[in-house]
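Participant: Chains as they are written, first to last, in the numbering used here: chain A, 1 to 34; chain B, 1 to 162.
Careful, some of the hints might be misleading.
As the list claims (entries may be wrong) - With the Cβ distance kept under 8 Å, some of the chain B side facing chain A (calculated, not the full set):
| id | residue |
| --- | --- |
| 1 | Phe13 |
| 2 | Ile49 |
| 3 | Leu86 |
| 4 | Leu138 |
| 5 | Thr142 |
| 6 | Ser158 |
Don't read these hints as lab results, they were simulated from the structure. Every residue gets a Cβ at the ideal spot worked out from N, C-alpha and C, and that includes glycine.
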Amino acid sequence: MNPLDSILGTIISGLVLTVVLAFLASAMSATTGV
Amino acid sequence: MEYLLFIERWVHFLAGIAWIGLLYYFNFVQAPAVAAAAADKGGPGPAAIGKYIAPRALLWFRWSALVTWIAGAGLLNANFVAAFTLQDGFVFIGIGAWLGTIMLLNVWGLIWPNQKKILGIVTASAEEITKAKRIAFLASRTNTMLSVPMLFFMASQSHGVL
């Protein structure tokens, strides 16, 4: 079943994506030198 | 210059609220309402929604989406390329910009062309309309999903790196 078929599935998918992208963004930003 | 950026941010907020507000209306209100109206045998049915409400909502929806993007692009200003190429210091807002761009392309490339078939604005066979309904629905749900991280990264710009 597609999680986008339910509103709850959509929001949860959005939150999961947010966490994943936030970790990715943090990792990319961590390379900023002093 | 600062005044121009401030006005661009203001326009970005105004148009963005219209865009995402209507997106949430479509997903949390209209879609469930149309389904309920169609299932309510003997009830008035969803025809008025498709005839009077949806076209108006879609008009404001698609144009506010475009204005939001243009104002956002203006707001990035000289950092436009740095944001979209995820350079140091622009990773967070860049991801937000990419998400907003994907959402805009979704609106004009998938949602609106398919809604035109669904609403009878352009001719389409019954089979094409059935397909269009599924595509438009999933595209709209995808945008609802993407709005969650998009707003996170937009807000993150004011709060430093995590």
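Participant: For every hint, state whether the structure bears it out.
Facilitator: A quick look at each hint next to the structure:
no.: 1; hint: Phe13; in the structure: violated, 21 Å
no.: 2; hint: Ile49; in the structure: violated, 18 Å
no.: 3; hint: Leu86; in the structure: holds, 6 Å
no.: 4; hint: Leu138; in the structure: holds, 6 Å
no.: 5; hint: Thr142; in the structure: holds, 6 Å
no.: 6; hint: Ser158; in the structure: violated, 15 Å
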